[in-house]
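*Asks:* Fit chain D to the given chain X structure using the hints.
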Amino acid sequence: MYTEKVMEHFRNPRNMGEIPDADGIGTVGNPVCGDMMTIYIKVKDNRINDIKFKTFGCGAAIATSSMVTELAKGKTLEEALKITRGDVANALEGLPPIKMHCSNLAADALHVAIEDYYKKHKAEKGVKT
Amino acid sequence: MGFGKAAEIAQKEMPTESERLKKLRDKLVKGLVDSVPYSFLNGHPTKRLPDNAAVRFSFIEGESILLSLDMMGVAASSGSACTAKTLEPSHVLLAIGLKHEEAHGSVLFTLGRQNIEEEVDYVIDIIPDIVKRLRKMSPLTPKELRA
Chain X
1 MYTEKVMEHF RNPRNMGEIP DADGIGTVGN PVCGDMMTIY IKVKDNRIND
51 IKFKTFGCGA AIATSSMVTE LAKGKTLEEA LKITRGDVAN ALEGLPPIKM
101 HCSNLAADAL HVAIEDYYKK HKAEKGVKT
Chain D
1001 MGFGKAAEIA QKEMPTESER LKKLRDKLVK GLVDSVPYSF LNGHPTKRLP
1051 DNAAVRFSFI EGESILLSLD MMGVAASSGS ACTAKTLEPS HVLLAIGLKH
1101 EEAHGSVLFT LGRQNIEEEV DYVIDIIPDI VKRLRKMSPL TPKELRA
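In order, the protein sequences belong to chains X and D.
Counting in the working numbering, the final residue of the first sequence is number 129, and the numbers go up one at a time with none missing.
Counting in the working numbering, the final residue of the second sequence is number 1147, and the numbers go up one at a time with none missing.
The shape of chain X in the complex, shown without the other chains (with noise of 0.2 Å):
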């Protein structure tokens, strides 16, 4: 049903954990769909120095959300942005159509770690000026 590529993340999952003083979090999805996923990322110069995951879900959930964070590590938050769903599925050599849609929110995750990031930093800004 999955491919070698989502076993793979699935077994041995990247950047999986929690960072304490992250810069942006993003949660999306709720367990009572079955899959939920927070993306925690610190970034350095417009870039994502560093991101994590923690992931209640099923396989394809556990695998996008670890393949996410390689897609997004050390990228701009400009193409960080550009990451969608299809890159991810992509990246992991396709994912089973049911999965397309329910377990594959890894990118909308970081998308909205992303723009948390966005909204904390000009409020910072803010009150600088």
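These aren't lab readings, by the way, just hints derived from the structure by calculation.
No residue lacks a Cβ here, since even glycine has one placed at the ideal position from N, Cα and C.
Any given hint could turn out to be false.
Unchecked claim - Residues from chain X that face chain D, not an exhaustive set, calculated with beta carbons under 10 Å:
id, residue
1, P31
2, T55
3, F56
Claimed, not checked - Label pairs and their calculated CB-CB ranges:
id, chain 1, residue 1, chain 2, residue 2, range
4, D, L1094, X, P20, 34 to 42 Å
5, X, I98, D, F1003, 33 to 41 Å
6, X, K120, D, D1125, 41 to 49 Å
*Replies:* Chain D alone, transformed into the frame defined by chain X:
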């Protein structure tokens, strides 16, 4: 005919085979629930089929447990029906009063004629680490279980 003969054998062996399976089932349920915190039996402890051990594990999702079990050579099925055509959790589990997220964390082990006690012991032996690994990944896991 073949089918008639099979039914005849099944009928003859049913009382002893049911007893054998019940013992394995009860050992499996007790072993899982005792060795994993926040794990529970779904349904009635004794008024159930002799081969059916339906257990749920809080804070994690059924399909990821199945994949992990499969990697260790164990076949089970998931209350979340994640591999089926719908991702909805089992309507039976919802009907007996489980919340959606509880139903999603359910795994159904069914025992059969070929299963032996060593296999039950093996499952009890490997489940704690599988659950621990997935709970470490889950944002729903309470702090005291993450260590």
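*Asks:* The structure should be examined with respect to each hint, and the outcome stated for every one.
*Replies:* So, going through the hints one by one against the coordinates:
no.	hint	verdict
1	P31	holds, 4 Å
2	T55	holds, 6 Å
3	F56	holds, 4 Å
4	D:L1094 / X:P20: 34 to 42 Å	holds, 36 Å
5	X:I98 / D:F1003: 33 to 41 Å	holds, 36 Å
6	X:K120 / D:D1125: 41 to 49 Å	holds, 46 Å
When the structure is compared with the earlier hints, no violation turns up for any of them.
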